[in-house]
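Listed below are the residues making up each chain.
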Amino acid sequence: MDLLHAGKYAIYIYPAYGLTALVLIGMTLQTLIAAQRARLKANPDKARGEEIGD
Amino acid sequence: MSLVATLASGLSNPARFMSVSRWLAPVLGAGAALALLAGLALGLGVPDDYQQGPTVKIMFVHVPAAIMSMTAYACLAGASFFGLIFRHALAYAAAKAAAPLGAAFTALALATGSLWGRPMWGTFWVWDARLTSELVLLLLYIGYLALHAAMDDDEKGARAAAILALIGVVNLPIIHFSVEWWNSLHQGETIFAAGGSKAAPVYLAPLGLMMLGFLLLFGALWLVRTRTEVWRRRAAAQALRAAR
Chain A
-3 MDLLHAGKYA IYIYPAYGLT ALVLIGMTLQ TLIAAQRARL KANPDKARGE
47 EIGD
Chain B
46 MSLVATLASG LSNPARFMSV SRWLAPVLGA GAALALLAGL ALGLGVPDDY
96 QQGPTVKIMF VHVPAAIMSM TAYACLAGAS FFGLIFRHAL AYAAAKAAAP
146 LGAAFTALAL ATGSLWGRPM WGTFWVWDAR LTSELVLLLL YIGYLALHAA
196 MDDDEKGARA AAILALIGVV NLPIIHFSVE WWNSLHQGET IFAAGGSKAA
246 PVYLAPLGLM MLGFLLLFGA LWLVRTRTEV WRRRAAAQAL RAAR
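These protein sequence lines are chains A and B, in that order.
Per my numbering, residue -3 is the first one in the first sequence, and the count goes up by one each step.
Per my numbering, residue 46 is the first one in the second sequence, and the count goes up by one each step.
Simulated from the structure, these hints should not be mistaken for lab results.
C-beta: ideal position from N, C-alpha, C; glycine also.
Each hint should be verified, as a subset may be incorrect.
Here's a subset of chain B near chain A, in silico, CB distances under 10 angstroms, partners left out [claimed, not checked]:
1) G74
2) Q97
3) K102
4) I103
5) F150
6) W161
7) G258
8) F259
9) R272
10) V275
11) W276
12) A280
Taking CB as the label site, the calculated pair distances span [said to hold, decoys possible]:
13) A:K37 - B:G233: 45 to 53 angstroms
14) B:R286 - A:L25: 31 to 39 angstroms
15) B:R61 - A:L36: 21 to 29 angstroms
16) B:L190 - A:K37: 18 to 26 angstroms
Part of the chain B face toward chain A, derived, beta carbon under 7 angstroms [claimed, not checked]:
17) T100
18) L153
19) A156
20) P164
21) R279
When you get a sec, could you build the whole thing from the sequences and use the hints?
Put into C-alpha cells, the structure is as follows:
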C-alpha cells in the first residue's frame, strides 16, 4: 500500500487534508466549549457536579 | 405516521429532545470518528487515478464537504420552515445551530475544490456555475447568521433569518444540476450518476466511509449546538426573571 504517496501534487493534497482536519477539529472544539459554557450559565449551581436540566 | 415524522414529533418536545440528544450526540460522534479514521486509512492508500494521478485523494475530503454543505442547508431550511409554521422555539434553535456548521462545510468544499482545481484545471478559481452557486451558498449562510445577529429580539431575528433561508433553498437544485444545465469545468455527476457511479470501485469504499463520517459528525455537532441554544435561551430567561 502506497500510503501518503502524493508525488509532485503533495502541495495540493496535504493542504487539502490539513485544512479538513483543522476545520473538523476546530468545529468540534468550538461546539463543545460553547456547549460547556452555556450549560454552566444555564445551571450555575449544579452543572459542575452532574449534567442536569435535560 | 412515518418513522421520520414520529421522530420529529417526539423530538419537538424540548425535554424529550434534551434527554435523547444527551446520549445520541456522543454515539454519533463516536461513529463519526470511527468512519473518518477508517475512510482516511483506506483513502490515503488508494492507487492513483489514470487521469488525475494522486490528486484523486482530494475527492475523499472535497466531495463529503460539498455534500454536507447542501445537506446542512436543507436541514437549516427544514427547521426554519417548521419554526415559521409552528412558531416552535426548538425548530428555530435547530436552524440557528445548523448554520455555522453548514458555513464551515461550504468554505471547506470551496477551499479543497480550489486545491483540486489548480492541478487539474490550471486555476484555483473560475466563475463557473458550480463554483459560483457554491459561493452563493456560503453567502447565504453568512447572510443568515448576520441577519440573526443583527436583531436584538431573538424571535424576530429567527423569523427574518428563516425567511431568507427558505428563499435560499432555490440555490440547492441550481448547485446540484449546474453541471448539467451549463457548460462547466467542473466534472459532471460522478458518484450518484444515473445508471450507477462512474467512479472506479476502488474509490467508493473510502468515499462512502468519509461521507458517513462527515454526516455523523454533522449530526452530533448539530445536536450539541441545538442543546447549547436551548441552554442559552434558558439562561437568558433566568436572567430576565432575576432582573424583574
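field: Unmet hints by their number, sorted upward, for this structure
entry: none
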